[in-house]
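Taking the hints into account, I'd like the entire structure generated from these sequences.
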Amino acid sequence: MGYFINNTAFLSFDPLSVFFLAVIGLVSFPSAIYSIGYLKDHYSPQKIALGWALFIAFVLSMALVVTVKNAFLFLIAWELMSLVSYFLVVFDTEHEKSIKAGAIYIVMTHIGTAFIIAAILIMFKYAHSFDFPALKEACLAMPPGIKNLIFILFLIGFGTKAGIVPLHIWLPYAHPQAPSHISSLMSGVMIKTAIYGIIRFVIMILGVGSLWWGSAILVIASISCLVGVIYALMEHDIKRLLAYHSVENIGIILLGVGASMVFMKLNMPIPAVFAMIAGLYHLINHALFKGLLFLGAGSVYKATGKRNMEKMGGLIKAMPWTAATFLVGAMAISALPPLNGFVSEWLTLQAFFMGLAGGTIGVKIFMGALAGVLALTGGLAAACFVKAFGITFLAMPRSKNAAEAKESPFSMKFAMVFLAALTIIFGLAAAPIIKILTGVSGSALAIDTANINFTLNNFIITPQGAGNIYLSPLIAGMALIFIGAATAATLYFALGKSKVVINKTWDCGYYKLNSRNEYTATAFSKPFRIAFDFFLLPYRKTEKIWDSFYHTKSFTYEVYTTPVFKQYIYEPALRAILKIANKMKKIQSGSMHLYIFYIFITILTLIIFMDRF
Amino acid sequence: MKILIIIIQVAVLTAIAPLISGIIRKIKNNIRMRRGTSVFQPYYNLAKLFAKNEVVSENASWIFRVTPFVVIASAIFALSLVPLVNAGNNVNYAGDILLIMFTLMLGRFFLALSGLDTGSAFGGMGSSREMFISSLVEPAMMISIFVVAANASSTNQYLIAARGHVSFSAIVAGIALLMVTIAETSRIPVDNQETHLELTMIHEAMVLEYSGRSLALIELASHIKQIVFFTILANVIFPIGAGLAVYVVKILMISAMIGVIEISIAKMRLFRAVDFLTFSLVLSMAALVISAAGL
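Residue numbers (the numbering used here), protein chains in the order written: chain P, 1 to 613; chain U, 614 to 908.
If you are wondering where the hints come from, they were derived from the structure by calculation, not from laboratory data.
There may be inaccurate statements among the hints.
Stated by the list, open to error - Here are the computed distance ranges between Cβ atoms for each label pair: (1) P:Phe-410 to U:Leu-865: 55 to 65 Å; (2) P:Tyr-557 to U:Ile-874: 37 to 47 Å; (3) U:Ile-874 to P:Ala-103: 54 to 64 Å; (4) U:Ile-874 to P:Lys-100: 53 to 63 Å.
These numbers were taken from a predicted model, which means no experiment stands behind them.
By construction, the Cβ of each residue, glycine as well, lies at the ideal position given by its N, Cα and C atoms.
What follows is the structure, given as structure tokens:
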């Protein structure tokens, strides 16, 4: 054992680890409270006990992943986290979907782990130790080619867990299938451990090797942003929609991290720290509001028994708490001021602006274009959450289940209000949080941040020093509320109370409105489906049943989009693997002698391999 | 003192915001050889609406009731952030030019929600289209703002306005931003403020269920949003000359330009508008390349 762990103290609590522990804690506490109400009535007592055991194991394994300082232990913790989360994905074993989602998840996550193991073993070959400090020392003397190889292995390995495009395929299956408090942990926290891995192994241990590393991450991140949000727009299963938004938000986080790597290579330490702050800030913000949104979706699911938005509607009246907190989350993820999502997107844009103001021509154009990508992502995300909130909570109920929905119990309301409050606080109190994150980023990038200050006092963020660029979410929030209240008060005192008549929806004079006439989620996303048809490849299936020559009795219309990545990457790959497996069957003849021969050949190869390398 | 300047700016610009809409309408009518209504017609409309009762749908929730105030608050807040006359006077109190953009998004988000809130099919259609257009506008707007900001090495709107020269890249970005302004203020060829034909309207469809005081607030907010965009074009993109008179002349020139554009082209159908917006994105990218090249 001494070979693997040389140090008796195997846990580290440097700023980066503590930051990730805080993220884990902030989301798992409300999730735990939430599960009290959520699991009740749904499952048998034995299953609830099992759920708690798995929940605790899951949280602890994530905490272990971000605190160990030995690569071997890291892999064990990583695998533990993957396995426990697999059992949580298939928690509803009676659903066939869960089993399928679990299978996709476990395969993809192990492909990722294989890449991480390969990368760590290559590093081990140079360091002869698994301890982080020893690995770091060994990486200094490593040839650039090997460094590039390790970077690519890590990028694929951690990228699979993070859900970057095109490795995101498991995410929209696995996250929605788990119970909702687990979805919120998986989307809110677990995929962030992959960001931890990238920062810890690529930036801190390996060291940024060349400019294209950061650029590659930026390109992949912007593709993830756009693909994630466009697929989310097409999705009408509320939890799958949120899962696709995780792909998008991981992209936004990686935009910050990638920009930081680019700035490191360009010898721009202050922008590097700033971009890292932007990434980490968005990371914790996404943990909060995505956790909140998944809990809200779970609350809706518990009340209606459905995840399809087209069967919901009008829930704001029956479930005011869920609706209000979901709205806070929706506003935050759409980057509306003064909430936290806006602050971190603003920081990311300012990081790009630093590249635009100070980089070379190529960097300037690149960073400007990335700002455009982020803006488009923000606009599409806002459209998507208008759809998600509007179709789910507003107007008339679209099904009997939605009409009979009841508000969730206190424990679930408490958890949602807790996260909504944090979402607001992390927006308004941005300046003190940035002060803390400056230290975290500095320690991650090995830059002394004693003289770097991105805040003016406790209210104002200034990336370049006093007075130049300036943002105060707190003042913005207060001003918005003040102006709104002042307008209402002025109107009240000048014109008196507004005389309101409650009547039917006018709808251009059509007074027989029922829930069948309402705008649907499919209709809402139609313009986007047409505008992005080159990528979504939509097709429709229509079926008419005629009861006479002149009259149709019924007409069904279904619209689908082509799952490009599944159809053109994963299915061909799967077919190829099955084909090879079929061919391989021949060598498994059942003859014992032949098997002994295989073992002999394997040992021989290994001996030669060990000798050569 | 700074607070006083902001309050005066907001009060004056709010007061003249409907007038700009009236002037554009007058210009359009004059070119069409029509007499048209008085330039003060928007004020008469607002006065009428403020005096009327409101009808609220029985399906609507508190979102519908609170939206007019969110929309007006975000419009006035954005107005308080734009640099008006004295560009050098840095009265920046809450944020930079990016905050202006994000704040306008806040109002639009709530408007789109309230479009869905009543259950009316037209409202949903308007919301869907409005979010569609506005999300496609975002990248062109962001990149052209970035280009102009890069000219001043700051995203502080007062410093951008104080840079004192107009580079070639700023002109190209300005054209892109003019196209963005046309889309954002619901004008031809993207949308048509005058139509109430159900199938073509975007913004009007979204607010179809509003009446009385709430509708007045939303219309006032639209006027304010328009003057915010015009002021950004006039002072941030083309900061030539100082003083109130120059500002008024610039605003009138932009109004005339918008008016002429509106009567010279037909409204595009929704998916042709995508081409229009793509063109503005291409222009803004061109501006980015020009600015990176140092022009």
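Here is how each hint holds up against the structure:
1. Between P:Phe-410 and U:Leu-865 the C-beta distance comes to about 60 Å, which sits within the given range of 55 to 65 Å.
2. Look at P:Tyr-557 against U:Ile-874: about 39 Å separates their beta carbons, and that is inside 37 to 47 Å.
3. Our hint of 54 to 64 Å for U:Ile-874 and P:Ala-103 holds, since their Cβ atoms are close to 57 Å apart.
4. In this structure the hint that U:Ile-874 and P:Lys-100 lie 53 to 63 Å apart at CB holds, the actual value being about 54 Å.
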